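Student: So the chains spell out like this:
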Amino acid sequence: MNTVLEMSKARLTLKGNAGPVEILRGITLAVAAGESLALIGPSGSGKSSLLMLMAGLERASGGSVSAFGQDLTRLDEDGLARFRRGNMGVVFQSFHLIPTMTALENVAVPLEIAGAPDAAQRAREELAAVGLGARGGHYPSQLSGGEQQRVALARASVPRPKLLLADEPTGNLDAANGAAIMDLLFGLRDRHGATLVMVTHAPELAARCDRVLRMADGRLVAA
Amino acid sequence: MMRGLDWRLALRLALRDLRGGLAGFRILILCLALGVGAIAAVGMLRSAIEGGLSDQGAIILGGDAQMNFTYRFASDPEKAWMAAHARKVSEVVEFRSMAVTADDRTLTQVKAVDDAWPLLGVAGLDQGTVAAALGIQNGLPGALMERVLADRLGLKVGDTFKLGLQSFRLGAILTKEPDSATAGLGFGPRTVVRTADLAQSGLIGPGTLFETDYRLILPPGADLDAMKAEAETAFGDKGMRWSDRRHAAVGVEKFVERLGSFLILVGLAGLAVGGVGVASAVRAFMETRMATIATLKVLGAEGRLVMGIYLVQVGLIAGLGVAIGLALGAAVPVLAGSLIASLLPFPAQFGLYPAPLLQAAFYGLVTGMLFALWPLSQAVRQGAASLYRGAAARVWPRLAHLGAMAGLLGLFVGGAVWFSGSAMLALGTLGGVFAALAVLALAGFGLRVLARWLARRRFVDGRPGVRLALAAIGGPRSEALAVVLSLGLGLSVLAVVGQIDANFRASIARDLPSRAPSFFFIDIQDAELQPFLAGLKANPAVSKVENAPMLRGLMTKINGRKARDVVGDHWVVTGDRGITFADTPPPGTQITAGAWWPKDYTGPAQVSFAATEAAEMHLKLGDKLTLNILGRDIDATITSFRKVDFSGAGMGFVMALDPAAVAGAPHTSIATVYATPEAEAAILRDTSKAYPNVTAISVKEAIARAVEALGTIATATVLAAGAVLVTGVVVLIGGAAAGVRARMQEAAVLKVLGATRLRILASFALRSALTGAAAGLVAILAGGIGGWAVLRLVMDLPYRFEPVSAGLIVLGGMGATLLAGLIFALLPISVRPAQVLRGSE
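Residue numbers (the numbering used here), protein chains in the order written: chain W, 1 to 223; chain X, 1 to 841.
Isolated chain W (complex conformation) (with noise of 0.2 Å):
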C-alpha cells in the first residue's frame, strides 16, 4: 500500500484560559494513496483538530505527523506553508473565501502564490468546472453558500493538490446543495486521483467514502 498520510500517537493539546486542554489522545492511522476516508462523530470529538493537524495547520504536541514522507512536526510556519502548495487542498465548513477578492481571485490565489504564470486562465477553468464559469467577477458577499463553497471546491483543486482535506463541506449548506457540492467534490477527487480526506457528521455522505473512522473524546474508536 501507498501511504500518503501517517500518524502515530499524535496529540493535541491547547492552551487555554482555564489551563490546557487534551484535544487529541494518540491518534494512530495512515490513509492509502487515491482512498477516500470520512472522520464522524460527535461535536467535540476532535474530528476538525485531527483534519487541522493533517493539513499542517495546527502542530501536534506529541507523536508524529507525516504527509508523503514529510515529517510535518519538523517543519516551521513557513515550511509548512510551502508544503501544502500543490500537496494539500483544504476545504472548510465556513468557506473561508477572502472578502475583498472576486471569486476568480479567490481561485487564483493559490497558483499565484506557487508563481504559476497562467494562474487566472486556470482559475477560470476551475470556475467553470464547477459551474461558476459566469460568477468569476462577483465577489463572495453577492454568492449564495453553495456557489460560495463551490470557489472554495475550485480554489482547494485548482492547484491539482495529491490530497484533498474538507472539513464539513456541507455543514453549512441545504440538502439540495449539500448533494450537489458533495457530487462536485468526488467528481473533482475521481477526475484529478485525489486522496480525500472529509470530516462529516452526515452517514450518507460518509458511506460514500472508501473507509468510514469515528473519533470519540479525542480518540478514534470503532466506526
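The set of hints was computed from the structure by calculation and includes no laboratory data. Note that this is a predicted model, so its numbers are computed, not measured. We put the beta carbon where it would ideally sit given N, CA and C, even for glycine. Don't take every hint at face value.
Unchecked claim - No farther apart than 25 Å at their CA atoms in a straight line, the calculated lysine to any residue pairs in the SDA-like style are these: (1) W:K9 with X:G383; (2) W:K15 with X:R561; (3) X:K624 with X:T584; (4) W:K162 with X:G383; (5) W:K15 with X:Q200; (6) W:K15 with X:G221; (7) W:K15 with X:K228; (8) W:K15 with X:G303; (9) X:K599 with X:H618; (10) W:K15 with X:R564; (11) X:K162 with X:P118; (12) X:K228 with X:R564; (13) X:K254 with X:R241; (14) W:K15 with X:Q378; (15) X:K162 with X:K689; (16) X:K643 with X:R452; (17) W:K15 with X:R398; (18) W:K15 with X:M405; (19) W:K15 with X:R452; (20) W:K15 with X:A516; (21) W:K15 with X:A471; (22) W:K162 with W:R214; (23) W:K15 with X:K643; (24) X:K624 with X:R561; (25) W:K15 with X:R241; (26) W:K15 with X:W374; (27) W:K162 with X:G303; (28) X:K79 with X:G303; (29) W:K15 with X:K689.
Unchecked claim - Residues from chain W shown here face chain X by an in silico Cβ test under 8 Å; the list is partial: (30) L57; (31) L75; (32) R82; (33) R84; (34) I98; (35) T100; (36) E105; (37) I113; (38) A114; (39) D118; (40) E204.
Dock chain X against chain W, hints included.
Tutor: Positioned in the frame of chain W, the structure of chain X alone reads:
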C-alpha cells in the same frame, strides 16, 4: 524551495485586500495626520519666522551692519573708521528713563536718533512724517511714543511731557518701529526723540547707563566677514560689539529656534500617542483579517508574503495619513499667516518650506511603521488554525522584525537629535516620553491584573454589572492597555506642563515679591546720592534701602585669552554686566574663598567674583580678567569669591572691584528700596519730582512683563500639549468605536439574561471611568516626576506639588473616557438582542 519576496504579488494582493475600504484605518490615518500636522505646522511657522528674519535682516538691524558701544559714544578713531567704510552712518542712543507728566510718571525705553533714522525701512506713525513729528514747534522738540505709553500717561498728540529736565511735545504715535526686533525684552514701552534735543535733559551724562548703536549702510558687495574681522581687531578690546544683517536679531533667532525645537519635541510626544493609536488600529485591522491570513497560509503563502501584503497596505495608509498631515501643517500657517504675523513682534515670511515638511513626513512614516510592525508581525507569526479560531495573538514578533523595530527606533531618536539640534533636549524629552510609556504600559498591565483579581472577589457577587466591567478590563481583548497608554501619555505631557507652569507662576507671583524690592533706582549721580538716600530712609514706609556704585563693563579676556573662547556662551560674558566697587565688603557679604583687599588699597586691580558663576566658568583665585569699562581695559586679578544671591531680584553684582582700579571713571549709583506696596506710588512720585534724571524700575512691573513673556511660552506649550491630548482622545474614540461590536454582543447576551439597559450602561460607564482614572493617576505621577525634574534639576527652583492642576488631569481623563465610552455604548444598548444574536450565528 525558498524564494525572495515577490513584491509585485504582494502589492497586487494588498491592493485587492484594500478594496474592503479604509474603515478600519480611519483612526490610523487620523492619528498620523494629527501628529504630522502639528509638527509640520510648528516647523513651517519656525521657518516662516527664520525666513522673515533672514530676508529682512538689514531692516531689523537698521542697517547692513551695526557697531554697538556700552556707556559711551564712539571715539573719533572709531567714527573715522565708520566714515571710511560705510556709505551712510546713523547714530542711535538707547537708555531707560522716566516719562513724566504733571500727574503721572512711568518707565520708558528711550531711543534717541539722528536725522538719518531710520536708515532702512519706514517708521509707522499715526500722522505726519518722522521729520515733522520730531521737529521743534513753539520751542518744544517733538517725540514719538508707542500708543500703550501715551495711553498710560493720558497723552494726546500735541501734549507735553518731560524726560529728565527736558520737555517734549508728543509729535505722533509710533505704530511700527522698523528696527525694534533687535532690542530684545525691554523694560518699558518706546519713546523716540532726537539725540540733539537731549543736551539739556541731564540724562546722557558720564556714568549714566546708555548704549550707542551705529548703523552702517555699506557699499554694494562689501565683504561682511572681512569688515567684521577688521572692526573687531581694531576696536574689539574697547568694548565694541559687531552685528550684521546676516544675524540681525540673534536673541530672537535663538529663542525661536529653541522654542520651535521644544514644541516639535512635544509634537513628537503627540506622535508617540498617535503611534499607540496606529498600533491599536493595525491590531484591530489585523483581527478583521485573521481569517484571510489563515486562508492565505492554507493556500501556501509564506509568512514573508503575508507580511509583505500587510506592510504594503499599512505603508500606503500611513502615507495617506502623513500626506493629509502635511497638507494640514502646510495650510494652517499659510491660511492663518496674516493673523499670526500680526501677533508676532518680528517679520515672518509665510510660504511653502520643504524642510519642515520633510521632517514631519520622516517622523510620521517612521512612527507609523515602528508601531505597526509589532501587531503585524504577531499576526503573521500566528498559526493558521489559531487565526481561524480568532485567538488573541500571544506570540512574540520574529527576531528580524524586532531588529527592524529597533532600527526604526534608532532612526526616530537619531532624527529627533539631528533635527532639534540639541541632543540634550531631544534625548531628555524622548527619554521622558519612553519612560512615561513604560510606566503607562506597566500601569495598564497592572490594571488588568487587578481587575481580574477583583472580579473574583466576594464583593462583586450579586453585582453582575461590576463583575462584567472588571472582567472586560481584565479579560482578553481588553482595551485598557491602549486607552491607558494613549490617553495617559497625552495627560502626562499636560500634567508636566501644568506642574511646571503652576510652580513657575507661583514662585514668581507668590514667593518673589515677598523678598524682592519695590524699586530699582538707577543713574543716581554722586552729588544726589546722600540726599536721595536720606529722603528714603526718613520715610517710615521704607523698610530697607541698599545702594552701590555701579559701572557697566564687558569681560573680554580671561588670563589673556578671549573670554568666549574660554567659557563659551556663559551669560556673564555674553554682554556688558553691572560692576560695583567697594573699599570694604558691603554688609552681609559672605566671602567663600580668598580675602577682600585691604582698606585704601592702591595696588594692581583686584576683583571679587560671585562664587557660583566662578565655579560654572571654572575660574580660580589668581585668574586674571580683562574688563572693558568705558573703552578702557582693566586687568584685575581674582582675589576672592563671594556668595551672591540673584534669586530675590535684589542687588547682586557678579564682579566687585577695588575702588582704586576704577578711580576717576565716571559712574552712577544704583539703589534698591524695600517699601510697603501702599507707599510705592508716593515714593515714585516724590523721587522722580526731586530727581528727574533718576530712573525708577518698578519690580512689580518687571515681574508682570516676565510673567507675560512666560505666559506666551506656556500658552504655546499648552497648545502643543493639547494637540497631544487630542491625538490621545482620537485613539480613545478609535478604541471605543472598535469595541462597539463586542459591546453589542455583550449587551445582547445580558439582555437575554434579564439585564436592564440602565444596568448595562452603568457597567460600561464603570469600565470607562476606571480605565480613565488609571490613565489620569499615572499622568499625575509622571507630571510630578517630570515637573520636579525640570524645576529642580534644570531650573534650580523649588518644586511643590500643585494639586489643582493634578486633580483636573484625573478628572479630565475620567471625563474623556467616560464620555467616549457612553457615546459608543448607546448603539449597543439600543439594538434589539435578536438582531445581534442572529448576525453572530
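Student: Would you mind marking each hint as holding or not holding in the structure?
Tutor: Hints and how they fare:
no.	hint	result
1	W:K9 with X:G383	22 Å, holds
2	W:K15 with X:R561	74 Å, violated
3	X:K624 with X:T584	21 Å, holds
4	W:K162 with X:G383	23 Å, holds
5	W:K15 with X:Q200	97 Å, violated
6	W:K15 with X:G221	81 Å, violated
7	W:K15 with X:K228	77 Å, violated
8	W:K15 with X:G303	23 Å, holds
9	X:K599 with X:H618	28 Å, violated
10	W:K15 with X:R564	69 Å, violated
11	X:K162 with X:P118	24 Å, holds
12	X:K228 with X:R564	17 Å, holds
13	X:K254 with X:R241	18 Å, holds
14	W:K15 with X:Q378	18 Å, holds
15	X:K162 with X:K689	11 Å, holds
16	X:K643 with X:R452	59 Å, violated
17	W:K15 with X:R398	21 Å, holds
18	W:K15 with X:M405	29 Å, violated
19	W:K15 with X:R452	19 Å, holds
20	W:K15 with X:A516	70 Å, violated
21	W:K15 with X:A471	20 Å, holds
22	W:K162 with W:R214	24 Å, holds
23	W:K15 with X:K643	70 Å, violated
24	X:K624 with X:R561	10 Å, holds
25	W:K15 with X:R241	77 Å, violated
26	W:K15 with X:W374	23 Å, holds
27	W:K162 with X:G303	23 Å, holds
28	X:K79 with X:G303	79 Å, violated
29	W:K15 with X:K689	91 Å, violated
30	L57	4 Å, holds
31	L75	12 Å, violated
32	R82	6 Å, holds
33	R84	5 Å, holds
34	I98	5 Å, holds
35	T100	4 Å, holds
36	E105	6 Å, holds
37	I113	5 Å, holds
38	A114	6 Å, holds
39	D118	15 Å, violated
40	E204	25 Å, violated
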